[in-house]
Structure formats: C-alpha cells, structure tokens
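Novice: Now for the letters of each chain:
Number of protein chains: 2
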Amino acid sequence: MSFSSYVPTKVFCGRGCVREYGAAMKPLGAHALIVTGKSSARCGALQDVCAALAANGQDYTVFDRVLPNPTLACVREGVALARAAGADLVVGVGGGSPMDAAKAIAVLAVEARADEAVFAGGYGEAALPMAHVPTTAGTGSEVTPYAILTDDFARTKTSISSPALFPKFAFLDGSYTDGLPLQITRDTAADALSHAVESMLKKSSSPASETFAKESLRILYPRLKSLEDLTEETRDALLWASCLAGMAIAQTGTTIVHGMGYFLTYDRGVAHGRANALLLGETLRLCEEKGVPALGEICVACGASVDEICKTLSHLCGARENVPRETLERYAARTMSNKNIGKCKFDPTQGDVLRILLRSLGDGSFIG
Amino acid sequence: MSFSSYVPTKVFCGRGCVREYGAAMKPLGAHALIVTGKSSARCGALQDVCAALAANGQDYTVFDRVLPNPTLACVREGVALARAAGADLVVGVGGGSPMDAAKAIAVLAVEARADEAVFAGGYGEAALPMAHVPTTAGTGSEVTPYAILTDDFARTKTSISSPALFPKFAFLDGSYTDGLPLQITRDTAADALSHAVESMLKKSSSPASETFAKESLRILYPRLKSLEDLTEETRDALLWASCLAGMAIAQTGTTIVHGMGYFLTYDRGVAHGRANALLLGETLRLCEEKGVPALGEICVACGASVDEICKTLSHLCGARENVPRETLERYAARTMSNKNIGKCKFDPTQGDVLRILLRSLGDGSFIG
Chain A
5 MSFSSYVPTK VFCGRGCVRE YGAAMKPLGA HALIVTGKSS ARCGALQDVC AALAANGQDY
65 TVFDRVLPNP TLACVREGVA LARAAGADLV VGVGGGSPMD AAKAIAVLAV EARADEAVFA
125 GGYGEAALPM AHVPTTAGTG SEVTPYAILT DDFARTKTSI SSPALFPKFA FLDGSYTDGL
185 PLQITRDTAA DALSHAVESM LKKSSSPASE TFAKESLRIL YPRLKSLEDL TEETRDALLW
245 ASCLAGMAIA QTGTTIVHGM GYFLTYDRGV AHGRANALLL GETLRLCEEK GVPALGEICV
305 ACGASVDEIC KTLSHLCGAR ENVPRETLER YAARTMSNKN IGKCKFDPTQ GDVLRILLRS
365 LGDGSFIG
Chain B
5 MSFSSYVPTK VFCGRGCVRE YGAAMKPLGA HALIVTGKSS ARCGALQDVC AALAANGQDY
65 TVFDRVLPNP TLACVREGVA LARAAGADLV VGVGGGSPMD AAKAIAVLAV EARADEAVFA
125 GGYGEAALPM AHVPTTAGTG SEVTPYAILT DDFARTKTSI SSPALFPKFA FLDGSYTDGL
185 PLQITRDTAA DALSHAVESM LKKSSSPASE TFAKESLRIL YPRLKSLEDL TEETRDALLW
245 ASCLAGMAIA QTGTTIVHGM GYFLTYDRGV AHGRANALLL GETLRLCEEK GVPALGEICV
305 ACGASVDEIC KTLSHLCGAR ENVPRETLER YAARTMSNKN IGKCKFDPTQ GDVLRILLRS
365 LGDGSFIG
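Keeping their order, the protein sequence lines are chains A and B.
Position in the first sequence counted from 1, then plus 4, gives you my numbering.
Position in the second sequence counted from 1, then plus 4, gives you my numbering.
For reference, chain A alone in the conformation it holds in the complex (with noise of 0.2 Å):
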C-alpha cells in the first residue's frame, strides 16, 4: 500500500511550556494577532502567551470575540483587524473554534476570496505563520491542516484544507483545562475519541495514521470512564491523546460521525464533541453488523468490547437529544453530500446513515 506521514508542527508538551519554550515564536513575527474566545483568558492561557511574545520582543494584537462554530463574518473581522494591525503571526488560543478560526484569518489574510469561494479548495501553501494553544483536549487543530467554519452556503460546517494551515508550533499545558466544565471535558475527549476511530475507519488509514490514532485510543479510552475529579495527570494524558487523535486525522481527515454530526451542531446547536459522543456507538455497531475489520483493532487499541465502548459513549452522553424521524431523513440525504462519506472504509449508503441516526436520536419506533 501507499500512504504518507506528515506532521510538521513542532509540539510543546507539559504545564508552564508557553512560558519555557515561547521564544520559540520569536522568528514568526514582528506582530502577533491573538485569536481566542472570552473564556480563554481565564484559563491563564492568554496571560502566558502575552507574556511570552513581549519577552521575545514581539507585539499583540488581541482578537477574542470568536464564539462557537465560527462564522465567515468572524473570520473576516478578524482578518481585517490583522492587517489593520500590520500582523505577520498568528496566535490561536482556545478550543476547536478560536484555533480554526485563527487558521482561517492566516490563511486569507495572504489569500483574498470572497466568501462563496472560500469552501471551495486549492489552497495555495502561503499563511501567515502560525502558534497554537489549545485550552481544550478535543479538537486537535493544533496539529492538523484543517480550519472547520460554519457554511452558510451548505448549511453546515464544512473544512478548509491546506499544508499551510499546520500551525509552525503547538504549546500543550494541561493546566488550562484544569478548571474545564465537566459536560465540555465529556464532550471534547467525545470529539478526541471520534477523530481517532474515525481516522481507524477511513480508507486512507495506514500504518502512520494508526500509529497516531491507536495510541490515542490506548491513552485515551481508559480515561474516559471517569471524567469527574480529573487529577493532573489525567487532564494532560487527555490533552496529549486529543494531540495525537490530530495526528491521526492530519493524514486522513475524518468521516462519517463528523459528516453526520455537523448537521446536528449547524440546525440545532448541538455542541459539535457531544454531537459526535451521540453518533458514534451506533456507527460502531453498524461496524460490527458489516464485519468491518477496523473494528476489531479499536476494540484491541480500547481494550474494550464494542458493547463496552458503546456503554462508555451512553454514559458520557447522558439524556439523548431527540430528533423528528423526518429531520433525521433529511440529515442523512444531505450527509451523503459529505466528500468524506465515501471514503469511509464501509461505504455508508444512505440507509445506513438514517439507520445510525435514527437509532441514535430517533423517537424508538425505529427497528433496524
């Protein structure tokens, strides 16, 4: 088989590293413009990227109105304010949305589009340069080239893609998820576990994804079982295995639970690790019904049953939402519009999109 292996960013790992290891940003810039969301600067984050860059000499530019699910229209603003602000760095600061954001104001600050072309690919390798520190352990985007937006026009969120979105550095401290809600760590290790069995079920998985991917399992799924009264330990082994789940999908992107899951996050709202955490036992199952043998090395890399996995993803997800069978239909037509539903090593027929979500969030009166 053929496959590649990349991972450029340069990865900073444990508490106090934005500070021990931030002279590494001197190069990028002269003017860094920080992109990040309100809650960031209470995690003690935004301070100790602040302190860093003026320790290395450089100026700031603080950007922290991206909310959840961030729109073009923030995106824009914040690429304004770059070039208003002279920026040639870029700093994201936060979960999934202030990192992508981030990756998409470098990116079109060197690259003009309008907004109808900006889902539309071919990416050119040039962005403004990039440091990344994540306040969550979920998304991955540190490590990835990919920024996921809301798309008005596909009324979804849909990724833009190119080498030029690896960030040039991540700076992974555990301490800034210390004091995360219970219900965001359940959902962004959700997220975290979803890249690296999606990563497992996709065609392109090779001997490099899975190396990134069953290592996270390995680290990751144990943990899952008991999110409350994380010790320190714990919050930086998920941190480390939500960077590793990057990895992971850095080679081979995601599939068939994001492809659905974006629906429920775009319509109503549904946070987008939790949307994930409702999806994937059911996608699980459908692996197993269809004698998928990606499964079989999950299980091994989880240590668990898929009956188990399934028990662990009920309990992190509580009370399940519950979706009109009509709605669900709907989702599974326009999931099928995904790029990356055909690339899912099962070939998912639209059949068993619905069967998936039906069973996941339908009223019951579904036997599949």
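Because the hints were derived from the structure by calculation, they are not lab data.
One should not assume that every hint holds.
No copy is singled out in the list; a pair is fine if it fits within one copy or between any two copies.
[To be verified] Result set (DSS-like, lysine-lysine): computed pairs, CA atoms no more than 27 Å apart in a straight line:
(1) K30 - K14
(2) K14 - K349
(3) K172 - K14
(4) K207 - K343
Based on these hints, arrange chain B on the given structure of chain A.
Specialist: Chain B only, in chain A's frame:
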C-alpha cells in the same frame, strides 16, 4: 513531565513512491547534488531519483563516492562538487552512510567550518534542502536531525545535529531493499531495533518518542526471527519500522549501545548495525539486573521476554568477534566520554559498560 514532538519530514511510503510523488521535490531547488554510494544504482533507487528530477525539470550531479562510515574528506569532496555544480538541493540515496554524508554536505555547503570545528555543535537553521531515499531498513536517518560521521579527532563516530538536518522529504520504497544480502538485512534490522530500544532507555524518552519506538518494536521484533527469504510485505514493514525508530531517536537520540558500538566500527571495522546487535543483548540483561522499568515496556512492545530477545539477537549475530580484555577496558573508558552515556536511564558506570563489553565480546574469562 515536559517533552516535545517534532518530525517535520514528509514521508512517502510505498513501492514506486519516488516515481509517484517525486514531483514534491520540484520546489526544493533547480540543481540537485545526488549523494550516494556505488551500490545504490543497482537497486533502482538512483535511476528513479534521476528520472523524477528530470521529470521536474531539475538538473542534477551525481556524487557516488560515499563509502561506509563517511569521513570528513568525503564530505569535503561533496561540498566542493555541490559548489562547483551550483547545487541548491541535496538528495541522499542509500543506507546511513550516503544519507549522513548528504546531510553533512547540505549543512557545510552553507556554513563553512574548519575540520576541527565540525563536531563542535552550534549549527544554525541553514542547510541546503534535502530529500532522502533509504535503500536499507535500519538507519532511520531520513527522518532525523543527525548526521553521523567518522571523527578522526576522537577516534570514533560522532554526530552533528541541527533541525536543519531534517530532510524535507523521505521516500520509502521497499523494493530498493529486496535484493539486500542477508547479512546487511540482519545488521540494518538490528540497527533499527537498537534505535527503538535505546530511545526507550534514554532519560528524555517521552510519550512522543515512545509512540514511535513502541510501534517500531511491535512491527520489527516479530519479523527479526526469520529474515531469510523475506516477502515484499515484510521488506516494506521493516523499512517502515526503521523509519519509526528514526522518528523515536529524532526526539531522544541514542545512548549506551551506539556509544559503545562506534568504537568497534572505528577501530575494528565491525559493521555499524552488527556492532549494535553484538552489544544490545547484554545491555538488556544489565537493565534487567538493575530493574529498569522501561525494560518491561520494551518487552511488552516486542511481545517477548528478555531471554527471548537475547536469543533472537544471538541468532542475528552468529559467531561473535572476540576482543582482548585490555582493548575492551580502553573502549569502556572512552565510552564514558560520550555525551549520551549519562543520559541513559540507569546512569551507566564505567564498570557497567565494561561488563557489557566483556560479556558481549570477551573471551569468557569474565564472570560478572
């Protein structure tokens, strides 16, 4: 704990990958110096590289005079040729020796140094960009920031190191290894095993380096027991495992086994991989006696006990060289001046080193 993870090289894997993905080299420069040994032409690698460069419209000059354990004189000759040809990129084709020579040429072509300063460290970020094409499954040099050269000042082999020495691209085509003689297959496989094990024994071993090292051991070790009549699939697996071990030492470097082995190579002409194979078993025995926890993880990844691993290594080595005790005593003393010895998890003493050397290569009079 604090650690980093960095493998900026984009790795292409698969039979035919130079022809398939050689266009990736196009942006690297206009004129390539191809650095290789006499045998690389025979396996098809050199022809594939020349064809890919020609298809890219890139000129090239072939420097095929690299011998095993390259000297500074050889590197100087390559630098002179690169300058005369106006080469602005370097392609290393071969085993560790041509690849390491290529790296040294790439850095010394842009940073002039007197011979006595070559091993003094402090290299900057500048080097000619590189692509590497390994033709043995052992060195991992295609994904490391190190070049190991014969060091006539210290009468051993010494590494030079710089992030600039990471190749931009590595092309792993197992077909280039199909025709390797059994002895070279054995020696180079032992080299890769030693990289993975030594990385695990390094104090700087981390969740990142261990992701690569353990995966390398999982793939490599079970295949070491039957290196005769290899299938293409096994050849490919060995090459990927060797690359993973390279990614591991890219994070940590090597330690005691390489530190001892370089003297066997420098003084007695023992092939590099074989030198490691000769010394690795007794190093593991010493770890067992000292209760080094990493040993347990090494055994789990190999799926074998220390006894079994030592037996496999003995089989790889065949009849052992016999070295006089006083020579080994000198090697032990000189090994202690290697900067990587003190970075080994069990803090080896000179007595420890001598014990490994005597048990591995002594005349049997030593009962330790």
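Novice: Can you tell me if K207 and K343 fall within 27 Å by alpha carbon in one copy, between copies, both or neither?
Specialist: Classified as within: same-chain Cα gap 13 Å, cross-chain 45 Å, threshold 27 Å.
Novice: Under a CA distance limit of 27 Å, which applies to K14 and K349: within one copy, between copies, both, or neither?
Specialist: between (31 Å within a copy, 25 Å between copies)
Novice: If the cutoff is 27 Å on CA atoms, where do K30 and K14 land: within, between, both or neither? Let me know, please.
Specialist: both (14 Å within a copy, 24 Å between copies)
Novice: From the Cα coordinates, with 27 Å as the cut-off, is the pair K172 and K14 best called within, between, both, or neither?
Specialist: Cα proximity of K172 and K14: in one copy and across copies (6 Å, 14 Å).
Of the numbered hints listed earlier, not one is contradicted by the structure.
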